[in-house]
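**Student:** Sequence:
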Amino acid sequence: RSWVGTAAYMSPERISGADYSFNSDVWSLGISLWECATGRYPFGSADLTFWELLHDIVEGDALGDPLPNTPSLSVFLVQALRRDPSERPDASALLHHEWVRDRTPPP
Numbered sequence: 001r002s003w004v005g006t007a008a009y010m011s012p013e014r015i016s017g018a019d020y021s022f023n024s025d026v027w028s029l030g031i032s033l034w035e036c037a038t039g040r041y042p043f044g045s046a047d048l049t050f051w052e053l054l055h056d057i058v059e060g061d062a063l064g065d066p067l068p069n070t071p072s073l074s075v076f077l078v079q080a081l082r083r084d085p086s087e088r089p090d091a092s093a094l095l096h097h098e099w100v101r102d103r104t105p106p107p
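Each residue of the sequence shown is one higher than the one before, starting from 1 at the first, in the numbering used here.
Treat the hints as calculated values from the structure; they're not laboratory data. We put the beta carbon where it would ideally sit given N, CA and C, even for glycine. Everything hinted at is true.
Simulated restraints on C-beta separations:
1. Trp51 <-> Asp90: 29 to 35 Å
2. Asp47 <-> Ser16: 20 to 26 Å
3. His55 <-> Arg103: 31 to 37 Å
Using the sequences plus the hints, can you model the full thing?
**Tutor:** What follows is the structure, encoded as structure tokens:
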């Protein structure tokens, strides 16, 4: 249970020192996809200190709809970035999410 990784991509539970699981990786995936889809990091701003950024990740305002013109991706991202890990879908559930399913060619 060490602190390894890029802090900006760590889940709220990891930053808070709480127990973490594979759902913490779902959070990191959500951050990465948010950046790829929108071209920006979802939390804070460039002028935040390291500690202010961590506070924003753990306790900041709820994230808005990142892509109103792409509702299935928006839902995917909002679900992956739920602060409470028990409310976050696991990787298996996300593989069956509409946004992924619609982009996966049939076997």
